[in-house]
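Trainee: Convert by adding 1 to the 1-based position in the sequence shown; the result is the number in our numbering.
Don't read these hints as lab results, they were simulated from the structure. As the structure is a computational prediction, the values presented were derived from the model and not from experiment. Be aware that one or more of the hints could be misleading.
Ranges of calculated distance between the beta carbons of each label pair, as one might list FRET restraints [as the list claims (entries may be wrong)]: (1) Ser29 - Met2: 33 to 39 Å; (2) Gly32 - Val9: 33 to 39 Å; (3) Val16 - Ile37: 16 to 22 Å; (4) Arg27 - Leu54: 30 to 36 Å; (5) Ser29 - Gly56: 17 to 23 Å; (6) Leu6 - Arg28: 27 to 33 Å; (7) Lys4 - Asp30: 28 to 34 Å; (8) Arg28 - Lys4: 32 to 38 Å; (9) Gly56 - Leu20: 18 to 24 Å; (10) Leu54 - Ser29: 19 to 25 Å; (11) Ala26 - Thr55: 16 to 22 Å.
All C-beta atoms in this analysis are idealised placements derived from N, C-alpha and C, irrespective of residue type, glycine included.
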Amino acid sequence: MKKVLELVLCILHPVAVVLIWIHLARRSDIGLGPKIAWAIFSIVPLVPFVYVLTGNDFI
């Protein structure tokens, strides 16, 4: 079951990143710099890293 969940997450993360990029491209209320920062920041799955680095085991 753990491997199935990991596979689902491996599929959903790239989909989420592409959707974030599409949303960023359409926004006109923020400048180019913040758009680029958010585009780069969205690539890194932050929540699992924070969870593991705080001493918990992921999944």
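Trainee: All hints are to be evaluated individually against the structure, with a verdict given for each.
Mentor: Checked hints:
1. Ser29 - Met2: 33 to 39 Å: Given range 33 to 39 Å: violated, Cβ gap about 44 Å.
2. Gly32 - Val9: 33 to 39 Å: holds, 35 Å
3. Val16 - Ile37: 16 to 22 Å: At 21 Å between Cβs, range holds.
4. Arg27 - Leu54: 30 to 36 Å: holds, 33 Å
5. Ser29 - Gly56: 17 to 23 Å: violated, 42 Å
6. Leu6 - Arg28: 27 to 33 Å: holds, 32 Å
7. Lys4 - Asp30: 28 to 34 Å: Given a distance of about 41 Å, which is not inside 28 to 34 Å, the answer is violated.
8. Arg28 - Lys4: 32 to 38 Å: holds, 37 Å
9. Gly56 - Leu20: 18 to 24 Å: Given about 31 Å between the Cβ atoms, the range is violated.
10. Leu54 - Ser29: 19 to 25 Å: The hinted range 19 to 25 Å is violated for Leu54 and Ser29, with Cβ atoms some 36 Å apart.
11. Ala26 - Thr55: 16 to 22 Å: Given range 16 to 22 Å: violated, Cβ gap about 33 Å.
Consistency note: the structure conflicts with the earlier hints numbered 1, 5, 7, 9, 10, 11.
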